[in-house]
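Take these sequences, add in the hints, and give me the full structure.
Number of protein chains: 2
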Amino acid sequence: MKRLILAALTASALTSPVLAQRTAPPMPAIVDPQVTQLRDAALKVDTAWDIIEGLTTEVGQRLAGTEAEARARTWAVAKLTTLGFKNVRVEPYRMPVWERGAETAEIIAPFPQKLTLAALGNSGATPATGLTGEVVVFANMAAFQAAPDNAIKGRIVYIGNAMPRTQDGSGYGAYGTARFVGPALASQRGAAAIIIRSIGTDHHRFPHTGTTDFPAGVKPIPAAALSVPDAEQLERIAARGAPIRMKLVLTPRQVGMRESGNVIAEVPGSDPSAGIVLVGGHLDSWDLGTGAIDDASGIAITAAAAKRIMDAGQPRRTIRVVWFGAEEVGGMGGAAYARAHAGERHATASESDFGADRVWRFEVNLPPAAKPVADRLQTALAPLGITRGSGLGGDGTDIGPTLKLGTAAIDLNQSGWDYFDTHHTPDDVIDRIDPAALRQNVAAWTAMLAVVANAPEAIDAVKPR
Amino acid sequence: MKRLILAALTASALTSPVLAQRTAPPMPAIVDPQVTQLRDAALKVDTAWDIIEGLTTEVGQRLAGTEAEARARTWAVAKLTTLGFKNVRVEPYRMPVWERGAETAEIIAPFPQKLTLAALGNSGATPATGLTGEVVVFANMAAFQAAPDNAIKGRIVYIGNAMPRTQDGSGYGAYGTARFVGPALASQRGAAAIIIRSIGTDHHRFPHTGTTDFPAGVKPIPAAALSVPDAEQLERIAARGAPIRMKLVLTPRQVGMRESGNVIAEVPGSDPSAGIVLVGGHLDSWDLGTGAIDDASGIAITAAAAKRIMDAGQPRRTIRVVWFGAEEVGGMGGAAYARAHAGERHATASESDFGADRVWRFEVNLPPAAKPVADRLQTALAPLGITRGSGLGGDGTDIGPTLKLGTAAIDLNQSGWDYFDTHHTPDDVIDRIDPAALRQNVAAWTAMLAVVANAPEAIDAVKPR
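As you go down the protein sequences, you meet chains U and P in turn.
Going by the working numbering, the letters in the first sequence line up with residues 1 to 465, in that order.
Going by the working numbering, the letters in the second sequence line up with residues 1 to 465, in that order.
Every clue listed holds true.
If you want the footprint, here are the derived chain P segments under chain U, 3+ residues with CB under 8 Å: (1) 57-70; (2) 201-211.
To list a few chain U residues with every Cβ distance to chain P over 10 Å, as calculated: (3) P28; (4) P127; (5) D213.
Using 30 Å as the maximum straight-line C-alpha spacing, the simulated DSSO-like pairs for lysine-lysine come out as follows: (6) P:K247 - U:K114; (7) P:K114 - U:K247; (8) U:K114 - P:K114.
No lab work stands behind these hints, which were simulated from the structure alone.
Note that the Cβ used here is the ideal one computed from N, Cα and C, for glycine as well.
The structure is reproduced here in structure tokens:
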């Protein structure tokens with residue numbers, strides 16, 4: 001076997017245009033030993049764990065715009081102050097708030113039984129006594145779209161999906177359409193309500209909630225996600241052929257405009273003209289779990305890394321840690337931040353909002369003059385098992401509006417292999433977090449900050465991806 | 001390494017009293033080739049899967065004594081008749097029925113948040129508007145027992161545990177006492193209510209329900225199980241030191257005497273004097289999941305195996321398949337069966353009620369004259385990865401009362417390694433079952449029935465273990 005592989009390699013080397021252009025593999029960029037030292041030291045501390053444990057225990061769920069999110073801001077200010085950050089403050093804004101009510105689903109015929117589901121954010125409500133109707137089952141969005149309106153009108157629409165597990169999380173965008181736009185489309189076609197198979201990769205009886213959008217003029221109908229086993233149960237029942245009657249009770253409500261806010265903390269740099277290095281995640285969470293992976297992890301990882309840099313001495317660039325509010329329900333915090341800080345010079349922006357599994361890849365969107373920064377990042381991150389991706393960086397709901405203004409981006413991508421097992425479910429609790437993987441995240445962000453905040457190169461504006 | 005092992009074996013052989021008595025290892029008993037053939041053919045059919053899929057889809061949960069369990073009996077009679085069994089019938093009995101109501105738990109102070117829990121069977125009720133009280137936290141039963149009564153009186157008692165994962169399931173008996181007797185003891189000591197850490201080995205937000213017992217004269221107090229993550233959350237909060245106030249709403253009720261029943265089917269044998277080979281599991285389930293592993297699996301495995309024997313020709317002994325009612329809530333079905341059939345001669349009894357993971361061990365309680373039967377079982381089961389245990393067989397709630405009358409026993413033990421991850425939770429659905437492991441079970445039970453139902457030896461009464 002070894003001989004065959006060698007033969008294949010030789011053949012490939014002779015014919016590969018990539019290898020043919022190179023006489024020798026590229027040599028790694030040289031990195032300041034302090035970066036290496038900071039990175040490795042970060043693998044030994046549990047600041048991030050302490051933040052996650054504290055927030056998820058002492059606050060728990062913190063749905064955007066509620067008094068729970070307000071308590072989370074109070075907690076955050078105290079925590080960031082205790083950690084030693086400067087300029088700790090809340091920047092408030094107002095936003096519309098939706099709150100969950102009762103939620104039950106019951107098959108009345110042909111096989112009476114209860115199903116587990118959760119309303120989607122912005123779902124309309126059934127009467128308090130419930131809504132009873134016939135279920136029309138579609139395997140996926142394509143089948144729903146292909147069906148005639150008269151198959152949908154007045155019915156409870158079900159839309160399935162076959163979301164695959166992927167490391168880069170690309171399944172979410174591709175298979176999430178049933179949640180993102182399914183309810184509005186079903187409403188426009190006259191459906192009484194819509195239930196979807198959760199946008200998730202697990203097989204546990206946890207529904208995955210998440211926001212849906214009813215554009216102006218489209219009536220919000222009751223909209224909910226069944227857990228994956230319940231969705232497959234409904235599909236099995238439908239396969240028997242008899243009409244399915246279901247009683248739905250969903251009583252969420254829009255409670256009007258409320259206050260939310262971003263919590264900001266800084267490590268002031270020695271060279272204000274060099275631009276701000278913006279890092280963060282979101283403080284709010286969905287209301288079913290305690291938001292450990294989404295996104296106590298992200299705020300904890302970024303703050304823990306910034307603290308490592310702060311404790312090692314003043315960096316060249318100011319590091320700004322932002323714990324954004326109201327990400328889950330529409331990115332209001334990120335939008336408010338960009339509005340308030342559009343006049344400031346940001347060098348880079350980076351967001352951690354994909355759980356707490358290991359960082360496996362980094363991607364950047366840097367101006368040409370800052371190419372050596374990416375090369376040094378590659379050297380600094382490689383020992384943590386992190387590869388350099390070939391795509392253009394610049395991902396994140398919260399930093400999105402700031403990136404659109406031309407800010408350079410550095411993405412540290414976490415593995416999404418297991419992320420959608422837990423995402424937006426009641427099971428998003430600290431039990432899902434592996435402390436060793438969490439430390440690897442902090443080490444990666446520490447190395448990134450050590451390289452970027454102290455880079456002598458100018459990091460000017462870029463064209464957003 | 002190989003040399004070291006050989007040396008160790010030699011030393012052991014010289015000193016081991018067991019090996020010293022034997023001049024050669026025992027030769028395997030010879031088994032009829034038809035047994036081998038039936039066993040291997042059973043690995044290729046999905047009768048058991050079809051039964052589980054049908055029952056859990058077309059009936060779903062089937063709490064003992066409810067109309068759902070009645071529907072399950074109707075379904076069972078139709079299914080067993082379709083499969084070709086003879087003498088298919090229901091043997092009814094009456095029993096007290098408890099039904100779940102609303103169930104919520106909310107920490108009011110110091111850190112307001114909801115916890116996930118489920119009432120235990122026979123739990124008392126709080127007022128419909130709830131019960132608010134201070135929580136007193138005990139790490140385990142020993143700490144609860146060591147505490148003075150004044151620490152308990154008027155409070156909501158919490159009892160934790162550290163149940164370990166074991167293959168033989170022995171953790172359940174050892175760590176389950178907080179559920180089995182904790183509520184009655186807490187009531188006797190004046191507690192307002194009791195919440196326990198679920199008797200389970202998982203870390204998901206599913207509470208594990210199960211029956212508790214309030215003996216006559218002991219007032220049933222509200223009693224519920226928190227999911228393991230919620231229990232650990234409560235313990236983390238308690239570790240902060242501030243008093244914990246909780247609001248509990250639990251509104252289950254005793255609804256009085258109702259009808260339940262055992263469903264019975266037979267493969268008539270050619271020699272009625274040889275005694276009945278009794279196999280089965282329980283038809284009822286807890287009300288949170290669809291009872292796939294507990295115990296649609298058991299009824300499916302035993303019936304599928306009996307059908308393999310039936311289809312191969314008439315066995316010597318009658319095989320009686322019993323799908324017992326009301327196991328979960330107190331073993332009423334098994335008791336009713338023993339009362340009704342005490343006058344009949346049973347050769348052996350075997351129960352499958354430990355999920356659908358692979359059978360890893362068998363143990364017997366057979367009379368001395370039937371020792372060759374166990375030896376042949378050992379030969380027949382070994383190719384399925386099943387070892388012969390050194391303990392005395394005779395386990396099972398449903399067959400227990402029949403075993404007490406002196407019936408010989410053959411236990412096929414499933415691995416319990418993962419069983420208590422799912423046991424009595426909403427997650428007990430067909431998604432938890434591995435079809436390949438399920439087929440191994442059916443093959444094991446087919447081999448067992450092929451050996452035992454056709455054994456020429458007499459299988460007389462034994463002393464119960």
